[in-house]
Amino acid sequence: MTSVTVAPRGAEAKTTDAGSRRRGNAAGYVLRKIGLFVLTLWAAVTINFILPRLMPGSPADAALARLAQNGPVSEATKAAIEVQLGLPSGNLFEQYIAYLGQVVRLDFGVSYTFYPQTVAELVSTALPYTLVLVGVVTIVAFIIGTLLGVLAAWKRGTWLDTLPTLGGAFASAFPYFWTALLLLFFAGYVWRLFPTSGAYGPTATPSFTWDFFVDALYHSILPALTILITSLGGWILGMRNTMIPTLGDDYVTFAEANGLKPRVVALRYAARNAILPNLTSFGLALGGVVGGSILVEQVFGYPGVGYLLFNAVTNQDYPLMQALFLMITLSVLVANFIVDILYGVLDPRTRR
Amino acid sequence: MMQTRRRLFTAAGAVVAAVTLAACSIQIQSAPDPSIPRDTMLVAADNGSPMFERNFNPYLANKRVASFYVYEPLVILDNVTGEEFPWLATGYELPDPSTIVFTIRDGVTWQDGEPFTTDDVVFTLELLRDNPETDTQGIWEYIESIESDDTTVTVKLQNPDVPAASLIATTLIVPEHIWKDVEDPGSFRNPDPVGTGPYQLGNFAPQQYTMDKYDGYWQADKVAAEHLILPANNTQLDVATKGYDWAYSFISDVDNVWVGAGNDNTYWFPPGGTIALFPNLTKEPFNNLDVRQGLSLALDRGAVGDAAAEGYMDEAGQTNILLPYQQDDLDPSIPNSGLIAQDTDAALAAFERAGYTLQGDRLVNAAGEQLSLTITTANGYTDWLRGVQEVQRQWGAVGIDVSVDTPQPAAYQLTLRNGEYDFAMGGTGGTGSLFRDFNSLMSTDFLKPVGEEATNNFERYDNPDAQALLDQYKVALDDDERTQIGYQLQQIMYNDLPVISLYYGGSWGLMSNAKFTGWPSAEDPYASPKTYESTPLIVLTSLEAVADD
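Chain order of the listed sequences is A and B. Here the first sequence is numbered in the UniProt record's numbering, starting from 1 and rising by one per residue. Here the second sequence is numbered in the UniProt record's numbering, starting from 1 and rising by one per residue.
For reference, chain B alone in the conformation it holds in the complex:
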């Protein structure tokens, strides 16, 4: 979603232009650049603001997105399905909950021809330890020590923590023979990247760069596109008109603007997370479950999702599970897959249990004070704002006085962390790891008093039962056991409402079948359609070139 957001910012103009487009009923047609050959893919993945810096350091926040096509992890975790793909490791095992044994793939070479070995893995992990500013995933919070032999790397954890394995496994691996000479990995710009991935840097210019297929890639026969072109400016109109093969961008009226622009254009917008309202659980009356139930039942989530995401995203279930793609993880005993329908009478009954009654058009307590609250969302996140306004309208309809506060993104983030709000709009879940989805939402490890910055559990949910389940999950080696714990965590989410889920946040995949087919889709949801992070490696090795006719 980050990519969407940045694109929304930079293409704020294009949004207005797209409205003009709809208003004028001018059908924009895609006109691909005839100089781009059939074996070359035009990708809107990287966004220069507005020019590219030649930074391919995979550990820096401002790296070029194609760094993900150069450097590979041991395992790729798909966030839509939660499925793990063995990558530079052929697999991993946990002989006990604090030991992870990765089996390293044989026959992989770096793009300069050097063999990839277990030493590279050990070197990379230690590099992150010695330069904490590069350890953005915080894997050294968990690791105690590392050992290796010719084929395996064994990671010892400080504490039993089964879910930490998938986090450590997604670290991007760099070559020891090059990076051992890097003086300061925390500010190194790595202008000529050498990785194990399917693509190497081709031509670099500040407005556009190209990636060329690495012929020695360990699954080179699966890579259909010989070249990738990544322009710096990908406004929505550019994407619609210039014959892009793959883009990650929210487009208004996608059927007309994108699909209508080219015969082969398709899209898939699977959920990438859940957008929810975070109540401040340290505050009266939001710490009252009856009030939260009333608020939850008063909502027509479908209408909120429609207002926010133009009908492209469905209402979210209250379980934190992305449906239908994570159906296997869903507790079947939860009614209606966790979807909560609007029921105003039940809502008013819940409010009444909490001492609030409807008088005229105001919901008041015994002292005659109206239930009033403020929802905080970030300035400029227009989709969230539309969703919040719909919530405001719906809660207003049951007599609640709702105001909306929209600080700048940085101030919004601070407000969320400090817990100085009534309700805050936020994203949750969608990491692909059931444990991390629940842990960040409910773990008491993150508890901080209001006024102090929390890094997670912003709503300040303090439930020892939930924490006990999370602790159990960390040591559970058995899949069935983990599934059962997952069910119980969903029950807590569903019954105790630590946050009120609204609708799914989208992954905005736009693809064209003109030159390449085999894109992930609703029918074949093998990986997220996003163009950043490691899942594109799955997509790039699954496509097939369309025969030239």
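Only chain A is shown next, with the shape it has when bound in the complex:
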């Protein structure tokens, strides 16, 4: 083993040999990526400002639409609501400047829907639930799915391949909300195994105690299971499909021929090179964590960002919508940025 230099190691060696030249190149690469990041961010922030304002009807209309279902609404009610909501003043350009100032200060004002709560209050109570639930599940699904994909590719044709591949494809073909509803109905109502709504028991108060943690964990099982079931298949298939061609590559054959342990060949040689596409998807999935859980949170009454976003959009709640969209855009952009940088590290060819 010591006497043989295998391809990937050779690549590593070369990188260190020509370190100085490549470092300059890498810095330029990072700078270019940062520039692009800032430009995209500005564009996103601006679109974020314009889009809600293109929706017909104002936040007061949305509030009135709710009230009007109870009976006729008087002129005074409309006026009172407009004062309560503190609707934006000034022309569009002034609003835009004020908005940019808010974005920089991360001050998004008061929510229309949940008046008089501030957007900051709402987001800070909702975000932890989503980050923990969807974030952890996404990471777990990625790890399990990728490992299963490696296994499936390595044991191609055996039951270790067909079972996860077929099972994953089957489960991921269900719509998100349908899986959620089935779980909710059977595990929640028919068998009464798990709570059916909320992030913790009705009388619990969020705190850093063991009891609360267990309670919250218990309440998160059904939504977590939903995300796991529907996303696992994608990771398995993605990994398996890039792994198989890699397994046919010369350096893998060479490593096998040199008598390396199968586990080492599979993980260090084949999987490491095959993982790049899956890593991109992972970055995107992580970025989508904040906004990607609307339906699951909706079905399980889970007090996360997705549920908040749903309420914001249906009620034309500009301040809340803008803050949430900005968070989603930002997390996707940051995740992409990190993946870009990681790519540069994992695959030197990207930096050219």
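Honestly, I wouldn't trust all of these hints.
Here are some, though not all, of the chain A residues that point toward chain B, as calculated from beta-carbon distances under 8 Å [to be verified]:
1. G167
2. A187
3. Y189
Cβ-Cβ distance ranges computed for the label pairs, FRET-style [what the hints assert, rightly or not]:
4. K261/A with Q27/B: 53 to 63 Å
5. W178/A with S35/B: 29 to 39 Å
6. A31/B with V132/A: 22 to 32 Å
7. A31/B with D211/A: 47 to 57 Å
8. F213/A with T374/B: 50 to 60 Å
9. W178/A with Q29/B: 41 to 51 Å
10. Q29/B with G288/A: 36 to 46 Å
11. W178/A with A341/B: 38 to 48 Å
12. P175/A with A31/B: 50 to 60 Å
13. Q29/B with V140/A: 31 to 41 Å
14. P37/B with Y218/A: 19 to 29 Å
15. N263/B with G157/A: 21 to 31 Å
16. Q27/B with P175/A: 23 to 33 Å
17. N263/B with W159/A: 45 to 55 Å
Don't read these hints as lab results, they were simulated from the structure. This structure is a prediction, so every number in the text was calculated from the model and none was measured. Note that the Cβ used here is the ideal one computed from N, Cα and C, for glycine as well.
Given chain A, put chain B in place with the hints provided.
Positioned in the frame of chain A, the structure of chain B alone reads:
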């Protein structure tokens, strides 16, 4: 209905689940939480989206619903029967049409033990004047000044306006000794409410809160439930399975899903208003009465109601009166209680008077153009959409080309206000005040040109006769006189069709007799079964505990 709608949204999932339930024929059984004692009522009244904010300011749109169980009005107006219940006032009189004298109830205390006085009433009314954002009912549109002595509060109106009395009387009263120190009542969250009502806030958590009976309540002997539990999440499946005592929620297949879930479960779905089609009366040919009559006669309203509300709501009469609960207000000379039966031949005859004839399967005018129109309804109001689709089918059957437009609720509201539609689905009536029901529909005070936002009279009905009657109503002190004016307004509604009534909008009351009895019902319709606003006070003081056996 607002509550239903929000619940429908948040429980969109549960609706699908309920369908699964029916499809799988699995009978869900109610399994009450054994830790809830018999003197405690589980109520689906307040809906957190998805968590509760501790906001008990009775003047904010986002207040906790239980604020209505803490703060009381002078008078409660029941919207189903139109009956008034003297509450913090033992009654009121109008010596002339612009003066209201409220006699304030003696022996009432605030929940901190302080006595309730006329000063609290005056303070509250002035608070709404000084902070217009809290005056959501707009009572200061009518009030000129307020005076008081030890037992009465006298409100002087700017103009003679008898019906304004019941509006001012429903204002929720807050204690002066606490609220005088509140800096900004328009954004105050009032986390520890003190009112005169039967319940005080108990434990508050973001997913659930409890209310405890106030033992010093002025009619404490009538309050049967010692505690109320209000969870934040009340999906329809929750309501059916968790042993709720009282809920306000539309449930599909209610006999199987709700009544079937527990032996003691009952329901009462009285009308809470009328769902109608608002024509755009500034537009040809909808401003033509013959066309409106044709459209009206072409409808089988029963089928529309069945399609929209799964058969739970009846077809609505064309009088704007909620039947059978407001029968006393109905003009007896109007044929068939104002119900208009489908009569295709008469419809075609009416269309012919307007110059439209049936050619093949198209209803066309002299120029050969088909009568075509668009009905606007709000996206996500699935019951309305089903009703509109049934109308589309029925009008289509007499040769009219009907399309359906479903903007988002905010955009729908704007369309309605701007008058930029052909026909719009909308709710009307059901306020409990005959005057307000007709005024919001027909008063020329609200008239605005198309393109400008109207707050009422969206169909832009301009009839000086109707306005004259409304003006007469405002100064009429005599009950019989008001009844007669009401009859004439119904005649106008029935004959002139400013809007085309379709079916009643429901109040979806679900109750259980397991722990408490005496719920309002079709046999004993003493109050609306809804869990929000002030009518629950009537219900909460009418229940009796079931003896433990």
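Quick rundown of the hints versus the structure:
Annotation: G167/A was flagged as interfacial toward chain B, and the flag is violated, the nearest CB pair being 23 Å apart, outside 8 Å. Interface hint status for A187/A: violated, as the beta-carbon distance to the closest one in chain B is roughly 12 Å, over 8 Å. The beta carbon of Y189/A comes within 5 Å of a beta carbon in chain B, closer than 8 Å, and the hint placing it at the interface holds. Distance hint for K261/A and Q27/B: a CB-CB separation of about 58 Å, consistent with the stated range 53 to 63 Å.
Checked against the hint of 29 to 39 Å, the C-beta distance between W178/A and S35/B comes to roughly 33 Å, which is consistent with it. As the Cβ distance of A31/B to V132/A is approximately 30 Å, the hint placing it in 22 to 32 Å holds. At roughly 24 Å, the beta carbons of A31/B and D211/A sit outside the given window of 47 to 57 Å. Take F213/A and T374/B: their Cβ atoms lie about 55 Å apart, and the range 50 to 60 Å holds.
As the Cβ distance of W178/A to Q29/B is approximately 24 Å, the hint placing it in 41 to 51 Å is violated. The given range of 36 to 46 Å is respected by Q29/B and G288/A, whose C-beta atoms sit roughly 39 Å from each other. With their beta carbons about 43 Å apart, W178/A and A341/B fall inside the hinted range of 38 to 48 Å. About 29 Å separates the C-beta atoms of P175/A and A31/B, a value inconsistent with the hinted range of 50 to 60 Å.
Taken as a hint, the range 31 to 41 Å holds for the pair Q29/B and V140/A, whose Cβ atoms sit roughly 35 Å apart. The hint said 19 to 29 Å for the Cβ distance between P37/B and Y218/A, and at roughly 25 Å that hint holds. Checked against the hint of 21 to 31 Å, the C-beta distance between N263/B and G157/A comes to roughly 58 Å, which is inconsistent with it. Between Q27/B and P175/A the beta carbons are some 27 Å apart, a value that agrees with the proposed interval 23 to 33 Å.
In this structure the hint that N263/B and W159/A lie 45 to 55 Å apart at CB holds, the actual value being about 51 Å.
Hint violations for this structure: numbers 1, 2, 7, 9, 12, 15, all remaining hints satisfied.
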